[in-house]
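2 protein chains.
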Amino acid sequence: MRSVVREAKLCGKMDGGVANNMMDMDQDSRKRLCFADGRRKVDYVLVYHYRKRSSVRGSPSQHRLSIISNGSYPLGVEEKDQEGGKDEPAEVVVDVGPPDPADGEKIMIREEFEGNLKDAGLEIEHDKENKAHGHAFIRLHAPWQVLSREAEFLKIKVPTKKSYELREEKGLAATMNEVWRKLNQPFQPKVPHQEQEHSRTKFLSHCFSRDKLHLYGAFYKYQPVDLIRKYFGEKIGLYFAWLGVYTQLLIPASVVGIIVFFYGWATVETNIPSQEMCDEDQNFTMCPLCDRACDYWHLSTACGTARASHLFDNPATVFFAIFMSLWAAMFLEHWKRRQISLNYSWDLTGMEEEEVHSHTYIVALCYSMLTTEDKKITLNVFLPSQTGHEKLTWRDRLPGYLINISSILFMFGVTCSAVFSVIIYRITISALMAMSPDPEVKSNVRVTVTATAVIINLVVILILDEIYGMVAAWLTELEIPKTETNFEERLILKAFLLKFMNAYAPIFYVAFFKGRFAGRPGDYVYVFNDYRMEECAPGGCLIELCIQLSIIMLGKQLIQNNIFEIGIPKLKKLCRTLKDKERAPKEIVEQPGRRQQWHLDYDLEPFDGLTPEYMEMIIQFGFVSLFVASFPLAPLFALLNNVIEIRLDAKKFVTELRRPDAIRAKDIGIWYNILSGLGKFSVIINAFVISFTSDFIPRLVYQYMYSETGTMHGFINHTLSYFNVSNFKPGTVPSITSLGKDITFCRYKDYREPPWSTEPYQFSKQYWSVLAARLGFVILFQNLVITMSMLVAWVIPDVPKNISEQLKKEKTLLVDVFLNEEKEKLQLIQSLFSRDLTQEQQEELKVSDQTSLSVSHTYLKRLVLTRPHISTSLCGKICITLPKCSHKERRRNFYSHCSIVDAAAMS
Amino acid sequence: MRSVVREAKLCGKMDGGVANNMMDMDQDSRKRLCFADGRRKVDYVLVYHYRKRSSVRGSPSQHRLSIISNGSYPLGVEEKDQEGGKDEPAEVVVDVGPPDPADGEKIMIREEFEGNLKDAGLEIEHDKENKAHGHAFIRLHAPWQVLSREAEFLKIKVPTKKSYELREEKGLAATMNEVWRKLNQPFQPKVPHQEQEHSRTKFLSHCFSRDKLHLYGAFYKYQPVDLIRKYFGEKIGLYFAWLGVYTQLLIPASVVGIIVFFYGWATVETNIPSQEMCDEDQNFTMCPLCDRACDYWHLSTACGTARASHLFDNPATVFFAIFMSLWAAMFLEHWKRRQISLNYSWDLTGMEEEEVHSHTYIVALCYSMLTTEDKKITLNVFLPSQTGHEKLTWRDRLPGYLINISSILFMFGVTCSAVFSVIIYRITISALMAMSPDPEVKSNVRVTVTATAVIINLVVILILDEIYGMVAAWLTELEIPKTETNFEERLILKAFLLKFMNAYAPIFYVAFFKGRFAGRPGDYVYVFNDYRMEECAPGGCLIELCIQLSIIMLGKQLIQNNIFEIGIPKLKKLCRTLKDKERAPKEIVEQPGRRQQWHLDYDLEPFDGLTPEYMEMIIQFGFVSLFVASFPLAPLFALLNNVIEIRLDAKKFVTELRRPDAIRAKDIGIWYNILSGLGKFSVIINAFVISFTSDFIPRLVYQYMYSETGTMHGFINHTLSYFNVSNFKPGTVPSITSLGKDITFCRYKDYREPPWSTEPYQFSKQYWSVLAARLGFVILFQNLVITMSMLVAWVIPDVPKNISEQLKKEKTLLVDVFLNEEKEKLQLIQSLFSRDLTQEQQEELKVSDQTSLSVSHTYLKRLVLTRPHISTSLCGKICITLPKCSHKERRRNFYSHCSIVDAAAMS
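Taken in order, these protein sequences are the chains called A and B.
Everything in the first sequence is counted per UniProt numbering, starting at 1 for the first residue and increasing by one.
Everything in the second sequence is counted per UniProt numbering, starting at 1 for the first residue and increasing by one.
It is possible that some hints are incorrect.
When chains are identical, the list treats them as one kind, so a pair holds in a single copy or across two.
Taking lysine-lysine pairs in the PhoX-like style, the calculated list, with each CA pair at most 25 Å apart, reads [to be verified]:
no., residue 1, residue 2
1, Lys-811, Lys-482
2, Lys-652, Lys-570
3, Lys-680, Lys-336
4, Lys-808, Lys-442
5, Lys-808, Lys-482
6, Lys-765, Lys-749
7, Lys-809, Lys-482
8, Lys-581, Lys-182
9, Lys-666, Lys-811
10, Lys-666, Lys-809
11, Lys-442, Lys-572
12, Lys-680, Lys-666
13, Lys-336, Lys-482
14, Lys-118, Lys-729
15, Lys-801, Lys-666
16, Lys-573, Lys-801
17, Lys-666, Lys-336
18, Lys-666, Lys-808
19, Lys-749, Lys-651
20, Lys-749, Lys-482
21, Lys-572, Lys-741
22, Lys-442, Lys-235
FYI, nobody ran anything at the bench for these hints, they're computed from the structure.
Quick caveat: nothing in here was measured; it's all calculated off a predicted structure.
Generate the whole structure from the sequences, applying the supplied hints.
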């Protein structure tokens, strides 16, 4: 009763102090958030669509459109909307047409549901106007009693009245902290400070005072994570916190990436291999790039790509790859710490996950029973509470699993063929363009083909991404996971698998396969008998990988952020509005000024879950970690994207989506595993990129094994094999040639025996030694980096020191508080009851307790020696022994568990 | 009061039912375990040594040798020993000589300690006889009140009266279970069944009825882990459970190992390489094995080792290495599940680790303060409770760390030089023996040298093992870890590092270094200018690795088990007895018949902790996993050892050590990490053993790249390079030769260019291709096996299904039980108090609660939709929305956290 009065103060009018803080909240909008009585707050709104012909007649229970109220209304409160009955519920029965059986059932379901809500203690308010058809809103209010009961169920921690001081650090550390705090000041959002968390005034002030921050004024500030959590719940709070940590850690990665890039830029002039390539005196005549149509060419014409490729293919890249692998490990560790800190400050430490049966599971259960038993059985039978013991057999699940496996294999096939189609496109278009008589077309072959192909790739990726998202959801429903958590995990895993494959397949192709199956002059590999397999650019495959990666990464982020995340929701909303208008062209225009808050909210998009947001970031994390050896600027682009992304996401959550249901969560769930898996995978991928895609290893091998001067001079010559032009297959010799008249040998990039050796065109000893060095590097890199990552993870403690100290302190204090309280209570109860209970009853009570406590006997040592107030003299040495069973006993039994302790407690 | 009476029943005489179960417990030994009053049970015994001249005079507090009693004794109980005062404590002051200040301080410390024990509610009994000097025993009894208080502190779970039925499985699974249970029956120890755990009778019966099992009657049975835990506590219980799981899982590993071994045995006749080696027609003349003294030799003379090496070096070994890596992953997963099951059945699920300051930390804290402040400060200041805020600075810790690092490096050096010394021994002895004129000595060179060297290695390992154990303890004390857990972890890590290195250094040498730095004919590597580096036997290094591994493993186990674990403790005990006798030659003989249980217990060895037991097993696990590719029988030997080891350990714990203090533990701590680290390390080691130590890869490369027939024929010829004998350095040609007269080329095992090539004796193309294949295999093996292990770990759920189901059920039931109880209590209290409290007070009460509960508002959805009794109609679809702040608000703020929910709760 009393609690109703208090809430009425908010919903009706304010008292002094509160009113000051709520000055800028307009009266009207406040009104909207209350029941018609203006007192009880609307906590939740249910919506259903009803039709004109809906009827009640003939249904077993009566239908009431009523305002249910079980509170009494004190005077002195404006009640301008209160047209419904005050104490007797208004009863309106609508009868417009013949009953529709489907509608009738729906009404039954709804009524049962509402009845259950009332039984659970909730208060319900229906719309009082009765439109012919449209949306009906049911508003719920949860009274204090219900809330406290549920809090107990959920084991929600609450602050006790006992408080304690956090220890201040002294000396250097404190000064450093202070300096850091000052430096950080401008980046802190203007919200009440964290420390005020437990003071009462904070709740009031943080609600309506954040009116100075807006999108681009706040992009460089920290996020008010605690407020996000308060409004949206822990799960969304954790997402934003995670995004924050990720973005923050991208800053050092970007800085190092930029340095690495500039190192390449600064050393390009002094780099001997690219100098040699650009040196026109070293007249390397290369074999033609295509059959017949192409001419021999001079290597110095590829000077540009050689210089460009040095930007990304230099020794600093190796360092950067190692750095980024450690960065990934550090990021995960850092997040673990942050998560634990959040768990602590959000009082989630003792939280236990609750299992909720998934919707698909229940439906499947219903269905499986319906098919075996009477179809007319009432729906009530299929509730999880009654069917808790029922299980789906493997026969129910088998078809789902089979479809799953085959679909995923099919999707793999689709992705691979998409990649292959683009390859075919590239091969054919470049062959066709090379045959074109126009010299301008000819000179732009590579640029045109590469650019168009990557764009096609990008478009395919974006389209398949959407399709795969839907397919994953469909497949997961077929699997019928038992709980919601399970459902989500499986969905995420599948979606991740498909989308990851989709986004990375073309990149993997360029990194590890392109140019490796092209064959050699005189023995090229052909597809469709006519088209030669493509080779990498003369500068190496790394520059192509870099182009591919940057275009896909940037394109995906820009297009998905702008078009998909902002455009499509707007479009959807428009569609829905149009649809609604079509359906009910009259009602939509009635009383626009009187539309309630819930009408406005209903117009917003429903919340789809965090999966797409996380997925986008995880795929981005892949770009940042997996192929970072080939594109050191990836972290920078990711950083720029994320700074905007955080704000866009926040704006979307606050203004464009319905308020999501708050969900408690201790961690980010399976995403952490995916991140950690990606981190591990990135090590091996980077090892392969450095050793196989880049020229790092061949250069090292040349310098230390083959170079006579010990420098890189002569490297280019060393990497080029000789080909005797007389060995060309008939019909593949260049038809028109300006260089080829007096040429006997052309060169190609490979380690093969020269035509004059005993085994012409076989792999040379150099090939095998470079291969061995490459493989050796992979082993070294992988194991070194994994060991270092493990070391990083081991050195950084999971629980921040201050948190663990506070936890310890809190525990001690809680024990004290509760012990005192318990003692008082016990004394009180004893004094009250001792007269009523007989001696026997008391004894009985004691014995049953004693039995169960026998175990604690064995922990006596702790009691004796470790309680601080007992062991005052630990510096002295006392020999300790526990009594055992007698020797005679011991000799008789091998396992002589004559634990006297246990026995005693039982007597 | 009542509890004392009940205990007296045990200590004094029994009532009917209890007596039956304790029939076989002799009256006398039972008496021994009670206080002199025959009623209160001895729970704990403290011992100290006092000296003749000990005095009390002048000490601030009085000394009392007294029987403290705070219970009243009912009649009808024999009290034959009760000579001390009944209600007034007997006070005896001994004054024999002049006061010794050190003794006086000790007495003060002791008195303070005893006083604190009494304050904590414990009851204390002193010896009543006062010998001149010797051991004094203080017996403690913990009354019921103390136990219950401590149980609350430790959050010990107790069974409630509510019980539930576990669901029976039906169908095939149940039948399978039944069959399995039947098959298992003979292996179950004859102890009361697990299910009876919570019945009251069990406690009584399991104490004294295990008289039929003894050592060799029980070795094939499961261990009674629950009983072990009851008597020794969780920590030791977990050790035995872990040992059980490990031993059990060694069975399949042994079986597969034996199969692999027999596969090698069966295929040795059909193996082409060993046939070729034994074929005397293929007259390979090998280069001499030592300078001058050795002659050229025919490869067919090494036929024996070639055949032996096939036993361990065959394709099945590769399979076995993969199998064992997966086995290790499986073992860890299996143990995790077992651990969780044990946690559940031992009610440890909610347990929180308690931090106990380590002894060294406190002493160091005392010391650091003593040096800075007044030395005369009383000891009381240095208590952890008062000095909780004090910290050791890095200046206190630095010397410890420095000594640590340098000592560990020094130990590394010691181990390496030990290994190197043995190498020198081998090289010199074989050179000397080769020069011996006696042909018999010459022919036995290899056998003699290998055998003696391995034995020297073994002895060195055993000696260093003991030293390193002590060094690790010393180093850890220097580090001054803060808590006991910390102390133990660091000690274990250090000891493991040193002992692991010690045990494996010679094995690593043989596996990866032996024979790789020997050079080639004409360019051998010499140590000390005179002795050629040793090479592997002609059969390959694998057979030597196998010999080394098996001797060290078996020798270490046999010697450590028999001599160190059984012999040395007995020796120590003898020493101690002799010492005691020397010290007090008279008292030791007085009244041998009247010696109490605690006198007998005191004669036993004190318990040293589980570290040595675990360490032994972990080193063994290393033998089983790390080099298993070279010795498939390792699991079998480990299994045989462990079956005995479990029983020996059990016997030792029960009969030869003082009863250890029970320690609660949820897991095996850092040992799990070490195990998992070893598992990962074993993958890479096995990869290297297979690809570099064995001949597996060269054979594959030959068969698929070089063999003209596609078979292994010609392999031996392919692996042998040519050497032109005229290229021998002067003085290294065999002096006396029977074969070498008409020889121009001798052969040696390596891939090098022949003398007639352009680059004579350089590594050939074959060398590089084999190297590349070896490295490629390492990458493939490592990544494949790691992926498979992760898959295994992922597929096996950590929490067994039945446990997770039971946990869920228990939670639901607990909620119900407590809700009902709470309701009743609340009603009672309300009815009692409602009259006394004013309206205002009640309101105040409500408001403060309400504030803290605001968070639960946001979880309304759970309340509305997920409680089974509410959501009866989930099959129907209802659209849900949560109210948001007004649009106007939202537009104004970017983060418009106008969370009405929070605001409302505050009003």
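How would you label the pair Lys-573, Lys-801 (within, between, both, or neither) given a Cα cut-off of 25 Å?
-> Neither, since 48 Å and 45 Å both go past 25 Å.
Which holds for Lys-581 with Lys-182 at a C-alpha limit of 25 Å: within a copy, between copies, both or neither?
-> neither (55 Å within a copy, 72 Å between copies)
With identical chains treated as interchangeable, where does the CA-CA distance between Lys-680 and Lys-336 reach 25 Å or less: within a copy, between copies, both, or neither?
-> Classified as both: same-chain Cα gap 17 Å, cross-chain 23 Å, threshold 25 Å.
Alpha-carbon proximity context of Lys-808 and Lys-482, limit 25 Å | between (38 Å within a copy, 14 Å between copies)
Can you give me the call for Lys-811 and Lys-482, within, between, both or neither, at a CA distance of at most 25 Å?
-> between (37 Å within a copy, 19 Å between copies)
Within, between, both or neither: Lys-801, Lys-666 at alpha-carbon 25 Å = both (19 Å within a copy, 22 Å between copies)
Classify it for me, Lys-808 with Lys-442: is the Cα-Cα distance of at most 25 Å met within a copy, between copies, both or neither?
-> neither (74 Å within a copy, 71 Å between copies)
If the cutoff is 25 Å on CA atoms, where do Lys-666 and Lys-809 land: within, between, both or neither? Let me know, please.
-> both (22 Å within a copy, 22 Å between copies)
Which holds for Lys-680 with Lys-666 at a C-alpha limit of 25 Å: within a copy, between copies, both or neither?
-> Within one copy only: 24 Å inside a chain, 29 Å across chains, cut-off 25 Å.
Could you figure out if Lys-652 and Lys-570 sit no more than 25 Å apart (CA to CA) within one copy, between two copies, both or neither?
-> within (11 Å within a copy, 76 Å between copies)
Is it within, between, both, or neither for Lys-666 and Lys-336, if the alpha carbons may be no more than 25 Å apart?
-> both (11 Å within a copy, 22 Å between copies)
Intra/inter-copy verdict for Lys-749 and Lys-651 if alpha-carbon distance must be at most 25 Å | neither (53 Å within a copy, 72 Å between copies)
Checked against the numbered hints given earlier, this structure breaks hints 4, 8, 11, 14, 16, 19, 20, 21 and 22; the rest are met.
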